[in-house]
Amino acid sequence: MNHEASFAAVAIFTAFVLGVLGLSFWLGRRGQSAAAYYAAHGQIHWFVNGIAFAGDYLSAASFLGICGMIAFSGYDGFLYAIGFLAGWIVALFVIAEPIKALGTYTLADALASRFGSRGITLAVAISTLVVSIFYLIPQMVGAGALVTPLLGLPHAAGVVLVGVAVTLIVVTAGMVSTTWVQFIKGSLLVLFCGLLVALILGRGLSVNTGDLTPQVRTVTPDGRVLVDGRPQSRDHDLRPVGTLSALPARYAGRTTTGPLGPLEYFSVLEDSTIVTWKSTRTADEHGVHVTYEPVTRSGADLLQPGGSFKGLRSGRLADRLDFASLMLALFCGTASLPHILIRYYTVKDAAAARKSTVTGIAAIGVFYVMTLYLGLGAMTSGALDPTDSNMAAPLLAKSFSTTLFALVSAIAFTTVLGTVSGLIMAGSGAVAHDLVSRVCGVPLTDHEKVRCGRIAAVCLGVVAMGLGILFKNFNVGFLVGWAFNIAASANLPALVMLLFWKRTTAAGIIAAVTVGMVASLGWILLSADTFEKVYGLSRDLAPVPFSQPGLVTIPLGFVVLIVVSLLTPPRPAR
Amino acid sequence: MTKPTAERDGSPAATVRASRTGLALFWIYVLLYGGFMGLVLVRPDLLALRPFGGVNLAILAGLGLIVAAFGLALVSMLGRDTR
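Taken in sequence, the protein lines are chains A and B.
Mapping of the first sequence onto numbering that gives the first Met the number 0: residues 0 to 573, in sequence order.
Mapping of the second sequence onto numbering that gives the first Met the number 0: residues 0 to 82, in sequence order.
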């Protein structure tokens with residue numbers, strides 16, 4: 000769909016972004032040492048750090064991806080929310096305090112701490128870069144998706160805008176500004192989503208069948224876009240979708256429920272009838288056609304697992320394993336994400352690390368509960384763009400008012416800024432602190448270490464922009480699942496075994512990180528999802544039985560670590 | 000694999016205590032999470048039941064898992080602070 004920019008939207012958005020950048024430049028004058036750049040001197044208050052955890056973690060995948068998935072497919076998007084939050088239990092109870100005690104600036108610091116091994120540092124730095132880049136893709140895709148309707152700019156412009164803004168944030172003040180940007184973003188995201196949920200419950204549910212004629216979008220071989228056979232324009236475009244066609248019998252004769260309570264909202268929706276839209280893609284000599292057709296479904300059906308994860312209802316073992324694999328990766332992945340783990344270095348001690356994790360869990364938990372209302376509210380708002388699930392939450396806000404749309408979009412954009420800055424921080428630390436200083440042994444002064452980190456941040460920003468443009472048409476929630484799989488497969492076995500198995504050796508850690516990373520990455524590249532959505536090939540050609548690798552590659556990491564450790568002589572710990 | 004190596008290596012005592020209590024709470028949550036995912040995979044029909052407020056078990060269990068995560072985190076923190 001084409002989206003029209005409004006002056007209010009542009010003004011609010013610009014004020015937000017300039018405010019964040021101004022804060023970043025101001026903070027950047029306060030500290031230029033490596034300790035300030037990479038770990039904010041370890042002096043961030045635990046509450047600020049906890050909300051910054053939420054700001055770091057609640058990425059475009061959480062806000063745009065989950066809401067979009069719920070709006071388009073129903074309950075299954077909420078399974079992502081459950082998995083994402085569950086991962087924090089691993090972080091809190093298993094990883095938080097030891098990682099704080101073991102490391103200085105990066106994940107490699109912690110994993111190499113017992114052995115002082117350059118091999119471990121190299122393997123973990125590479126894994127940090129791979130995970131960060133995979134996590135960066137959905138954030139940049141989300142940025143492009145946001146800017147299109149907000150500013151009327153093309154997707155690529157949004158990606159470049161985020162890339163430039165976030166690179167400036169990281170380059171100016173490193174972890175100090177990154178922390179405060181994430182704190183502001185985390186606070187605003189939870190507060191404004193709370194406001195949206197209150198508006199959703201206040202509005203209740205209304206019958207609005209709308210125009211249910213199928214719609215066809217065609218991209219011709221010469222690149223023109225047609226809607227129902229005529230050129231797409233401001234006056235002739237795809238219609239917004241997502242409506243409710245019947246309320247429960249107890250509302251007979253009424254077209255609206257009026258305000259609903261939090262649980263009542265679900266129960267009324269379950270007894271309602273909802274119109275969702277399915278898309279079918281075909282191609283011929285006239286171009287590629289995507290047909291959007293209405294599908295009338297019961298609320299009870301949409302609020303059951305299986306709307307998006309088709310395998311849950313197909314009965315195929317491979318499909319069920321695919322789902323189990325994703326849920327395992329989400330559970331294990333959070334505590335293995337380098338950009339989350341480095342936040343433990345910004346507080347002063349283990350107690351502060353623990354308290355900030357609990358604060359983060361509270362903020363993130365509240366947010367994920369709200370995603371269910373946001374997604375279902377969008378599903379029945381009549382404002383969905385059938386071509387783009389990532390826009391469900393902002394368009395839901397637009398169904399209330401343009402100003403709210405501008406605010407929510409600006410917050411979502413800040414969401415992307417917060418997460419991307421954390422990822423680029425993790426990546427720049429891996430390059431400057433781990434690879435250049437530790438692995439290559441280049442003697443760097445404090446000032447040079449910061450400068451090297453800044454150069455790495457700029458390079459990562461450019462890579463992120465390229466990938467964000469390349470992966471434009473992916474659901475950001477789906478993409479982030481890949482990052483969790485790789486992080487969990489590469490890092491978690493080494494982290495857990497280093498803490499809990501005395502026989503762990505440096506060679507075991509190197510082997511586990513390398514095999515976990517290569518195996519999960521290889522599996523993803525050979526999966527049916529990648530064959531279909533990246534290579535444009537048939538799913539049947541994929542050699543691996545299901546798309547999510549975690550179920551195989553996480554245990555593989557543990558097995559490799561145990562076997563290699565047993566085969567190599569233990570070295571005395573430092 | 001019952002005690003963290005940090006304990007045997009003489010790392011800070013706080014880390015040791017955190018690991019002991021934390022691991023117990025961790026396993027409780029693993030059971031809750033695993034049980035829910037097991038239901039989704041094996042008996043999804045049970046998730047259609049509406050045990051409370053006209054809301055199905057899928058939603059109630061999902062919300063319950065989120066609340067449980069916070070509850071266990073709070074137990075862990077308060078337990079440490081009163082020790």
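Source of the hints: derived by calculation from the structure; they are not laboratory data.
The structure presented is a predicted model; accordingly, all values stated were derived computationally and were not measured.
We put the beta carbon where it would ideally sit given N, CA and C, even for glycine.
Wrong hints could be hidden among the right ones.
As the list claims (entries may be wrong) - Here chain A is said to cover these stretches of chain B; the calculated rule only asks that three of the stretch's residues, wherever they fall, bring their Cβ under 8 Å from a Cβ of chain A:
#, segment
1, 19-27
2, 34-46
3, 52-62
4, 66-78
As the list claims (entries may be wrong) - Across the chosen pairs, the derived CB separations fall in these ranges:
#, chain 1, residue 1, chain 2, residue 2, range
5, B, F51, A, V294, 25 to 35 Å
6, B, V74, A, D445, 51 to 61 Å
7, B, V74, A, T208, 46 to 56 Å
8, B, F51, A, V365, 19 to 29 Å
9, B, L45, A, T219, 24 to 34 Å
10, B, D44, A, N472, 42 to 52 Å
11, B, V74, A, N207, 54 to 64 Å
Structure-based check of all given hints:
1. Closer than 8 Å: that is the beta-carbon criterion, and the segment 19-27 of chain B has 4 residues meeting it against chain A, so the requirement of 3 holds.
2. Only residues whose C-beta sits within less than 8 Å of a C-beta in chain A count toward coverage, and the segment 34-46 of chain B has 6 of them, enough to reach three; the restraint holds.
3. With 8 residues having a Cβ less than 8 Å from any Cβ of chain A, the segment 52-62 of chain B passes the three-residue criterion, so the hint holds.
4. Counting residues of the segment 66-78 of chain B whose CB falls under 8 Å from any CB of chain A gives 8; the rule of at least 3 is met.
5. One distance hint, 25 to 35 Å for the beta-carbon pair F51 of chain B and V294 of chain A, holds here, with the actual separation near 29 Å.
6. At roughly 42 Å, the beta-carbon separation of V74 of chain B and D445 of chain A lies outside the given 51 to 61 Å, and the hint is violated.
7. For V74 of chain B and T208 of chain A, the Cβ-Cβ distance of about 49 Å falls inside the hinted range of 46 to 56 Å, so the restraint holds.
8. Between F51 of chain B and V365 of chain A, the C-beta spacing of about 21 Å keeps the proposed range 19 to 29 Å intact.
9. Range check, L45 of chain B to T219 of chain A: about 49 Å between beta-carbon atoms, so the 24 to 34 Å window is missed.
10. Take D44 of chain B and N472 of chain A: their Cβ atoms lie about 35 Å apart, and the range 42 to 52 Å is violated.
11. The given range of 54 to 64 Å is broken by V74 of chain B and N207 of chain A, whose C-beta atoms sit roughly 45 Å from each other.
The structure is inconsistent with the numbered hints 6, 9, 10, 11, although it conforms to all the rest.
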